[in-house]
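The chain contents come next:
Protein chains: 2
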Amino acid sequence: MEIAKKRIGIVGGGQLGKMMILEAKRLGLYITVLDPAADCPSSSICDKLIVANLNDLSGYTELSKHADVITYEWENISVPALEKLEKGGHIIYPSVSSLRTIQNKYVQNAALKKAGIPVPKFALVTNTEEIREYGKPENFGYPLMLKTTSGGYDGKGVAPVKTEDDVDDAFHQLGSGIKELMVEEFVDFQKEISVIACRGIKGEKAVYPVAENTHTNTILDTTVVPADISEEASNKAKEIADKVMSVFEGVGTFCTEMFLAKDGEIYVNEVAPRPHNSGHYTIEGCFANQFENHIRAILGLPFGDTGLICPAVMVNLLGESDGKAKLLGLEEAYNDPNVQVHIYGKSESKVGRKMGHYTVVGESAKDTIKRALELKKIVRIIGE
Amino acid sequence: MEIAKKRIGIVGGGQLGKMMILEAKRLGLYITVLDPAADCPSSSICDKLIVANLNDLSGYTELSKHADVITYEWENISVPALEKLEKGGHIIYPSVSSLRTIQNKYVQNAALKKAGIPVPKFALVTNTEEIREYGKPENFGYPLMLKTTSGGYDGKGVAPVKTEDDVDDAFHQLGSGIKELMVEEFVDFQKEISVIACRGIKGEKAVYPVAENTHTNTILDTTVVPADISEEASNKAKEIADKVMSVFEGVGTFCTEMFLAKDGEIYVNEVAPRPHNSGHYTIEGCFANQFENHIRAILGLPFGDTGLICPAVMVNLLGESDGKAKLLGLEEAYNDPNVQVHIYGKSESKVGRKMGHYTVVGESAKDTIKRALELKKIVRIIGE
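Residue numbers (this note's numbering), protein chains in the order written: chain A, 11 to 394; chain B, 11 to 394.
Just chain A, same shape as in the assembly (with noise of 0.2 Å):
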């Protein structure tokens, strides 16, 4: 097959890995992943995996050779191994470029700001008494979240401050300065919204609709699309994804999480330049999903549909306790005909790990949420 020519790399083997990859064989495409666990998620599907550390030049360069373009699937990854690369004439999208200035959230937000993009007060800061300083009223006051510039993710990387008082704690739980640190002005939200949005070979976009999100100490929980926000909150929700696209210059998927401020104003959060957890409900909820439409971008190919079929519900399946992964409730869940259930494959649970996910859809959103809810009463991951 001709289209079979264009052989995929992708870095990174987890569940966002395995879902391109189940878009990627409809297409008889030939798939080779790096990751460093040789049971990761992708491995059962990938024609060919490269064990090897994320840090380690090696595993990128062995990718390369059977790949004609190289994506990824999580953005902690050698931002030197990929440029070596890329210099190297060996095509990576999105771009090494836009994933150093995502990698690293003080770049991204100032990049988002000198683009007229709204964003949530932010500053660095290496000391205690600097962060002090940014708590005080006249300043970004408290609350306020520190963070590190890289390398978080789940609310990894992630301290609120809530008083004065916990600067000393938050300070000390992100490394007490070892790791570059920034502050960020609290947004006092009504809604937690993202949008899915993909950039083609030629510029061309597509952008699904806005998804609602809840997340339960920091992990996503739920995702309930459409989202209940006005049209015109909707409307520039999806005009800010569509500029973020613009300023990253990438080709691929990109996710914006934003907040929707209690006064109205929508501020972007996060950036990732990767299918995204929250967009995980496109598979049941519209025609071509996230993971189809990164798979046509990357390969130079128009979007499918975006369009929303019904109102869908996403729900994490996370680890409920640590042990060999056992699945409870699937076939009472399945007792609704409008409910699937998404299994990563990842053999040991853990606390909070993202072992899966299922989607309910329905014909109204009221409904399809009470449904999604009850069953997370139902179905379970623990550990035994």
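Treat the hints with care, as some may be off.
For identical chains, the list gives no copy identity; a pair is met inside one copy or between any two copies.
Claimed, not checked - Derived DSS-like pairs (lysine-lysine); straight-line CA-CA distance at most 30 Å: (1) 386 <-> 212; (2) 215 <-> 380; (3) 16 <-> 360; (4) 336 <-> 16; (5) 336 <-> 215; (6) 58 <-> 75; (7) 124 <-> 146; (8) 16 <-> 58; (9) 215 <-> 387; (10) 248 <-> 123; (11) 387 <-> 16; (12) 336 <-> 58; (13) 58 <-> 334.
The hints are simulated quantities; they were obtained by calculation from the structure and are not laboratory data. Please read these numbers as outputs of a predicted model, since none were measured by experiment.
Given chain A, work out where chain B should sit, using these hints.
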């Protein structure tokens, strides 16, 4: 994962097996495939591939070691081998007895007839005199169909006998009586239709909408759903498909191909105990597709919704010439955002070989058919 403890074995690793695996992988299941070809379409995404002739007992025995439940994507496989496994306590769905019945077209027709399901008139024949006898106007008359009772697919094993002059040629074409032969009355049909239906372990059923099929040179060319037939005919077809599953007492997916005769009667042409080419539209057209519901059936899980989301048209991509397979027109096809192309991953194109398919969805059936047919000139697979 507890669900992953149910390892699935699939006899046959063609495109139907591949599409089953794509669904099974969403649930993190472990899949072993038995196929004679090391590079079969399923090879790149199954966990384990056993390369062996489908007539050899050894391959089946090996498969059974890696599977808690065995299914098949293809009916021309070894019943004695499967029977031996079934006697040894292995679970095979659909059951070997239903496979045995369905494998022999004469026995299949007899079972359907006995259950009161309308089939064209049929009879075993052993020589040209008997065929001529059935060709007489007071008997079946001409045209009539000469068929091998087993081993046929995609028009192979079928020879139309238009007039008495064709009898000798048709008899010779099908092996001059070495294989068991039957004659079947020709049904003057207005439409060829089919219904995919699934039956669960507890006997519960899920029936998909009626599909309208067009064959070219006895190979499926196009499937349109919903079928452009009366509601009465549609209900009748679905009732027949439902009844067919009870006749065979199988667990899994069954496709009932039917003729809607010009006089309004519906006759069963053929039953396949597996997901079917005419059910590929369910991937885009339904919340739960035929492959997923097949997996649910054999795992004892309740079925996902089989309702039609929107009109869908499936077109097969057959090899146009022999040689290394080359796909043409993908980019142009994807200029329509409501098209999905599926490439099975067969490296060699052969004239008439099923290499892939595409599905077009839309709001109106008429417009969707128009777009799907226009694409036939664009999306093509050639050998080079």
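Hints and how they fare:
1. 386 <-> 212: between (42 Å within a copy, 26 Å between copies)
2. 215 <-> 380: between (33 Å within a copy, 27 Å between copies)
3. 16 <-> 360: Result: close only across copies, 22 Å inter versus 37 Å intra.
4. 336 <-> 16: Close across copies (12 Å), not inside one copy (38 Å); limit 30 Å.
5. 336 <-> 215: between (40 Å within a copy, 28 Å between copies)
6. 58 <-> 75: both (11 Å within a copy, 25 Å between copies)
7. 124 <-> 146: Answer is within; shortest intra-copy Cα gap is 25 Å, inter-copy 87 Å.
8. 16 <-> 58: both (15 Å within a copy, 25 Å between copies)
9. 215 <-> 387: between (39 Å within a copy, 27 Å between copies)
10. 248 <-> 123: So residue 248 and residue 123 pass the 30 Å test inside one copy only (17 Å; across, 59 Å).
11. 387 <-> 16: Cα proximity of residue 387 and residue 16: across copies only (24 Å, versus 44 Å in one copy).
12. 336 <-> 58: Intra 28 Å, inter 23 Å, cutoff 30 Å: intra and inter.
13. 58 <-> 334: Cα proximity of residue 58 and residue 334: in one copy and across copies (26 Å, 22 Å).
Consistency with the previously given hints is maintained throughout, with no hint failing.
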